[in-house]
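> Sequence:
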Amino acid sequence: EERSECLWKALEKVIPDVRERTELKLVGTPLTHQRFVRRYNGSYGPGILAGKQSWPTATSAVDGLLLCGDSVFPGIGVPAVAASGFIAANTIASFQEHLALLDELDKV
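Basically our numbering = 1-based index in the sequence shown + 2.
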């Protein structure tokens, strides 16, 4: 609760009665993330050293295994995770090939 106070104060600058209007409040911590998302120490993203390493890409050391998710480029968050899936798919086939395959599915 205490750690979320700065977020509430920021929201109150825009929505003064936000606390009264809130119907459900769930505060998540790294321990919550560890339990429900099954992430080591509740972490997000890859364990890389800032400025010394770059984000992992879709390719892996295992032939034919592609990676996607919050631990590969472009990173954390739903849009970034979705984009990592697109990048992995594009590694297999070009955008034009994907469109052609979708056209074939429409015919089925």
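Any given hint could turn out to be false.
[To be verified] When the alpha-carbon atoms are kept at most 20 Å apart in a straight line, the in silico DMTMM-like pairs for lysine to aspartate or glutamate are as follows:
id, residue 1, residue 2
1, Lys11, Glu25
2, Lys54, Glu22
3, Lys27, Glu3
4, Lys11, Glu22
5, Lys109, Glu99
6, Lys27, Glu14
7, Lys54, Asp65
8, Lys15, Glu3
9, Lys54, Asp19
10, Lys54, Glu25
Everything labelled a hint here was simulated from the structure, so no lab data went into it. For clarity, every value in this text was computed on a predicted model and none was experimentally measured.
> Decide, hint by hint, whether the structure agrees.
Hints versus structure:
no. : hint             : in the structure
1   : Lys11 <-> Glu25  : holds (17 Å)
2   : Lys54 <-> Glu22  : violated (45 Å)
3   : Lys27 <-> Glu3   : holds (10 Å)
4   : Lys11 <-> Glu22  : holds (13 Å)
5   : Lys109 <-> Glu99 : holds (16 Å)
6   : Lys27 <-> Glu14  : holds (15 Å)
7   : Lys54 <-> Asp65  : violated (26 Å)
8   : Lys15 <-> Glu3   : holds (19 Å)
9   : Lys54 <-> Asp19  : violated (44 Å)
10  : Lys54 <-> Glu25  : violated (44 Å)
Of the numbered hints stated above, those contradicted by the structure are hints 2, 7, 9, 10, listed in ascending order.
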